[in-house]
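> Each chain is listed here by its residues.
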Amino acid sequence: MTNAGIPAKSRPATDAANAARSAAVLMVLPKRRRQWAQSALVSVAAAVLALILSAAMFPWAFTTYEPNAMDLMATLQPPSFEHLFGTDALGRDILCRSIYGAQISIFVAACAVFVAGAVGTALGILAAYFRGPTDAIIMRLADVQFSLPAVILAMFLVGAIGASILNLIIVLTLANWARFARVIRSEALSLRTRDFVLLAELAGASPLRVMVRHIAPNILSSLIVLATLDVGVIVILEATLSFLGLGIRPPDPSLGTLIADGRGYLATAWWISVLPGLVLMSLILACNTLGDYLRDRLSPTLAMKW
Amino acid sequence: MTLPFIDLQDVHKAYNVHRGVFRAGKLLHAVSGVSFRVPEGSTFGLVGESGSGKSTIARMVLGAEAATSGEVRVAGQSVATLDRKQRFQLRRMLQPVLQDPYSSLNPRIRVAAIVDEPLRVHRVTEHGQSLKDRVAQLLEQVGLSAETMRRYPNELSGGQRQRVAIARAISINPRCLVLDEPVSALDVSIQAQILNLLKDLQERLRLTYLLISHDLAVVSYMSDQIGVLYLGQFMEIASREDIIANARHPYTQALMAAVDSTIGEEVGRVGNAVQGEIPSPLSPPSGCPFHPRCPMAEERCRREKPALRAFGPSHQVACHFAESTR
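From first to last, the protein sequence lines are chains R and X. Position 142 of the first sequence, counted from 1, bears residue number 141 in numbering that gives the first Met the number 0, the numbering being contiguous throughout. Position 157 of the second sequence, counted from 1, bears residue number 156 in numbering that gives the first Met the number 0, the numbering being contiguous throughout.
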């Protein structure tokens, strides 16, 4: 890991890379304006994420409606001051449902990223540390996961074990651990050759101690970056599965089921699908922008791998 | 007569390199037929250019790599035949200090945790002393303040880092340190401090040193016995005094001539600096490995490999013309 050792030296290059990557559009601006625009972009992303997260955590502060409360006197209302995002065919408030949907989506995604990150990191470190057959088995399993499209894998698993929030988290974990395992393995392989690992072994430290005390802490910043970037991927996957009816079951809202609900009304009541879709899009854009920023800041070596 | 703490008998180490799916690969002879003994409490210096096999010897002594043939004995036990428990006990007796103080300290843990790791792993503290007190004592022994234990490695200079590495190595009271280029990554002004610290610790803790360096000045300052390596073989093994005043191998003489004036005056001889570079160990020269660069090479050197011959009680030279080189 280079971030602890040489932050000051690597910063100018990283900033340039930052600006270049975050938005190619910004390249037309002169350098100083570009840097300003880039930090502005990151600030906006952080603000959007903070807004969505706080709405998801404290929905009662953002809406007075109940997510499943129907109002048959006010169906298919377009956006208004009373219903900022409009209402659906059953008169439910779309803003309220989007907030509760985001709550479920974020909860599921956070759990899945946490479990997939933990499993993938552990397997990646084991593979890199023991090499040989352990490495071969773990990485071939990862290849299997990569070769199966996540949605197909998820459909198969949900078909086999049924749909529930817990199963959804299991499915998302199974569809995502390998990307962590691969990147963490390559980081751990290079750490494995560092002198402090050899010294720990020559001091008599056990493999577990070497992995936990010497390899894992040096991988942490890469892991944070990977996890941030992965949140976006998992939110989309969760929405896709829910859209297909394989994830969150109606009437409980998730961003995916909300978009699915509006399919039949796209021509007459666009807001039912489009506004939750915009929430989903802003959530993912915010996560990815922050992830890119963290990657450039914390872990310049990762920039080459992703 | 003190027993040898480290004893190598005709040790070879070959690596199979360039092996591909459709290629059989080639043998790289990193070490070919090295024998030496390090008596308890003394310092044996290994000197040679990069690629001469000196670090490979260190790794074999530490048990990090196995010898291809020959025997490496440490404290009377053959390293190759140790079981897990014996190997663990060997590690208590033998600790390394490596070249690069930046790579050898984990950047994510504090100095206290770096120094006390061997103590925790081996569960040794003396006389009910707390780990923290022991770490403070060790840091003071290597010339650092006890307050250093709360720092992270990146807050320390190269010299301070190497002191931390030494404190860690001596924490479990080993009998021997393997010093692999302990000062070559440091500024010249710091090198002398670290070397003096090592000498001081050797005296106080009665340590045995296996010192490895490409710098003959460092080796001759520290060592009782010196072995000059070239392409994995000894060219000359002699006491420090004999190497300085009485070197017989043309390679040793050239190395002496290259050493700066501090001990150059003692040499009192005009030598020719070695020309060219060390050949690849993948295709070693026939006969004497040094002949392509040797100013005295003759036809015989190309055909016949010279054996180590004794010139005095502790002086061996591998050169056909060792009698006439002075």
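It is possible that part of the hints are untrue.
Stated by the list, open to error - A partial selection of chain X residues facing chain R, derived with a Cβ cut-off under 10 Å:
1. Val20
2. Arg86
3. Leu130
As the list claims (entries may be wrong) - Pairwise CB distance ranges, derived in the manner of DEER restraints:
4. X/Pro312 with R/Gly131: 56 to 62 Å
5. X/Asp186 with R/Ser281: 49 to 55 Å
6. X/Arg149 with R/Arg32: 41 to 47 Å
7. X/Asn153 with R/Ser205: 22 to 28 Å
8. R/Leu50 with X/Val187: 30 to 36 Å
9. R/Ile151 with X/Asn15: 39 to 45 Å
10. R/Thr192 with X/Gly142: 27 to 33 Å
11. X/Arg149 with R/Leu50: 22 to 28 Å
12. R/Leu50 with X/Ser49: 55 to 61 Å
13. X/Ser49 with R/Trp35: 46 to 52 Å
These are calculated hints, taken from the structure and not from any lab test. Owing to the predicted nature of the structure, the values given are computational and were not obtained by experimental measurement. Built from N, CA and C at the ideal position, the CB exists for glycine as well.
> Are the hints correct? Go through all of them and say.
For each hint, the structure was consulted:
| no. | hint | verdict |
| --- | --- | --- |
| 1 | Val20 | 16 Å, violated |
| 2 | Arg86 | 8 Å, holds |
| 3 | Leu130 | 15 Å, violated |
| 4 | X/Pro312 with R/Gly131: 56 to 62 Å | 49 Å, violated |
| 5 | X/Asp186 with R/Ser281: 49 to 55 Å | 54 Å, holds |
| 6 | X/Arg149 with R/Arg32: 41 to 47 Å | 43 Å, holds |
| 7 | X/Asn153 with R/Ser205: 22 to 28 Å | 27 Å, holds |
| 8 | R/Leu50 with X/Val187: 30 to 36 Å | 59 Å, violated |
| 9 | R/Ile151 with X/Asn15: 39 to 45 Å | 43 Å, holds |
| 10 | R/Thr192 with X/Gly142: 27 to 33 Å | 30 Å, holds |
| 11 | X/Arg149 with R/Leu50: 22 to 28 Å | 40 Å, violated |
| 12 | R/Leu50 with X/Ser49: 55 to 61 Å | 59 Å, holds |
| 13 | X/Ser49 with R/Trp35: 46 to 52 Å | 49 Å, holds |
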